[in-house]
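Residue strings, one per chain:
Number of protein chains: 2
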Amino acid sequence: MASASYTDAIMLFGDSLTQAFSDGSLAQRMAEYYSRRYDIVNRGFGGYNSDWAIPVFEQVFATKEAREKGLAQNVKLITIWLGANDAVLPGSPQCVPLDRYKANIAQLVDLVQSPSSPHHSPDTKVILINAPPIIEEAWIEARIEKWESFGEEGPKPDQNRDFGITKQYAEACLEVAKDKGVEAVDLWTAIVTAAGGESPKELAPYFYDGLHLTSEGYAVLFNALSSLIVSKYPELNPEKMNMRMPHWADVDLEKPRIAFDSVQRKRLAGEL
Amino acid sequence: MASASYTDAIMLFGDSLTQAFSDGSLAQRMAEYYSRRYDIVNRGFGGYNSDWAIPVFEQVFATKEAREKGLAQNVKLITIWLGANDAVLPGSPQCVPLDRYKANIAQLVDLVQSPSSPHHSPDTKVILINAPPIIEEAWIEARIEKWESFGEEGPKPDQNRDFGITKQYAEACLEVAKDKGVEAVDLWTAIVTAAGGESPKELAPYFYDGLHLTSEGYAVLFNALSSLIVSKYPELNPEKMNMRMPHWADVDLEKPRIAFDSVQRKRLAGEL
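If you read the sequences in order, they're chains F and D. Per this note's numbering, the first sequence starts with residue 20, numbered consecutively. Per this note's numbering, the second sequence starts with residue 20, numbered consecutively.
The reader is advised that the hints may include incorrect statements.
Since copy identity is lost for identical chains, a pair holds within one copy or between any two.
Stated by the list, open to error - Computed list of lysine-lysine pairs in DSSO-like fashion (alpha-carbon distance at most 27 Å, straight line): (1) Lys95 with Lys197; (2) Lys259 with Lys165; (3) Lys83 with Lys274; (4) Lys121 with Lys274; (5) Lys121 with Lys144; (6) Lys165 with Lys175; (7) Lys186 with Lys197.
Keep in mind that the hints were calculated from the coordinates and are not lab data.
Could you put together the complete structure from these sequences and hints?
Here it is as structure tokens:
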């Protein structure tokens, strides 16, 4: 992969929870964490479920052929975070039955890991993230507020998400991780643990509309994800990696071009 | 450029002010603004001056040849934000004399715009950003605090930045922009205007150590930069651009793969 991008990247793949690049979002926290190490490539698509994610994935994750030709970055790690929209109640096109959700997530893992996949990328670590809890009351309130702000166009929204059903998808995601032998962040449990319980009042600080995470919610995820990376994939710990380009105080003042070329050579040779 | 990255990107090039991917930083705000439109490629290198930036630029900005082979993203816009470190007082290797600073910035613009440059990229808009004001008292305090926190190792730091000298570099940057016919954000003036004056007290909310910007400081920059983009390069206004991948409610539910392929085809054909 040529010089406009670094050689290596981390891809965040999922729905609106991934797409957010707001203050304190997962993407912002990861971009800061991997600053001057890896680019963070945000491939979050708001509202998408696991059915729709598959054809999208096939377009945003390079083929083996493209990667080998240097046409794409090496994705060292991909987070796959889907389930919140699959768990929408039947009646919405977003709803994906539990079994198909599991099959879809397994298929996404296979698209990366199976040698027969055109996207096979043996160097890419896969981490699944499951759906966080939903605060039903806050969610329906947010939907009605939005409907009112748009002049009450169309039918008044009704409740389309359920705490217990979302939990089934969260548990199913962990089962897929176990079946496929990949790591997972159990975000559902992490948030319930941080909140000290499952009640709307306890969960409130972690969600701004009952579904989407506040910075405090993302902090729980980031802490769990970064701990997992450091313990399971120490080679991906940014604090142990060299920065891209030397620290400014280490620049060879007499021959900066040579110093940089040397860094570049080492990097391309895989020595950095 | 293959599928792990989008075809088009915006590159932020500069020093630590660019490198920051913290809450409310330029990079975070731009990544949120261009969400599902362009990738934001952060190429900020803390402590670097314009001398050292040139060999780095030659390594992070693709050659024309690489781009034409599809080996790199098209950089639709690059911000070049250097000067704060060039303006460090003589005695530090960071210091670059004013005339050479101007020549270096002009050379960076030429590396993108000159047909004889190996990095020539006629589709890349260039926007220069000048150095913001410095709060001398806050900066020396921060340096001494850091020195104390490291056990007072080495000599006690002295003042190495000056308000009036930094202003000369800020003005020089605008002169280069005028000479080269590229747009610029006059961040110096924007911050002084927002602050209502140049006194340390008035400037305080915009800097956390007298040099580096707070979220409030970056907000001034982002507002100026995004307004400039919208007025001068309306084709780069993300609010007028199609999202990468359709809105979830527009997915063809019967044939999602065909719908996505069609979007992809249009995108590759330059119709999106």
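Hints and how they fare:
1. Lys95 with Lys197: Only inside one copy: Lys95 and Lys197 sit 21 Å apart there, 43 Å across copies, limit 27 Å.
2. Lys259 with Lys165: Between. Shortest inter-copy distance 23 Å satisfies the 27 Å Cα cut-off; intra-copy 45 Å does not.
3. Lys83 with Lys274: For Lys83 and Lys274, only the inter-copy Cα distance (25 Å) is at most 27 Å; the intra-copy one is 38 Å.
4. Lys121 with Lys274: between (56 Å within a copy, 20 Å between copies)
5. Lys121 with Lys144: Intra 19 Å, inter 45 Å, cutoff 27 Å: intra-copy only.
6. Lys165 with Lys175: within (10 Å within a copy, 57 Å between copies)
7. Lys186 with Lys197: within (17 Å within a copy, 59 Å between copies)
This entry satisfies every hint, going by the numbered hints stated previously.
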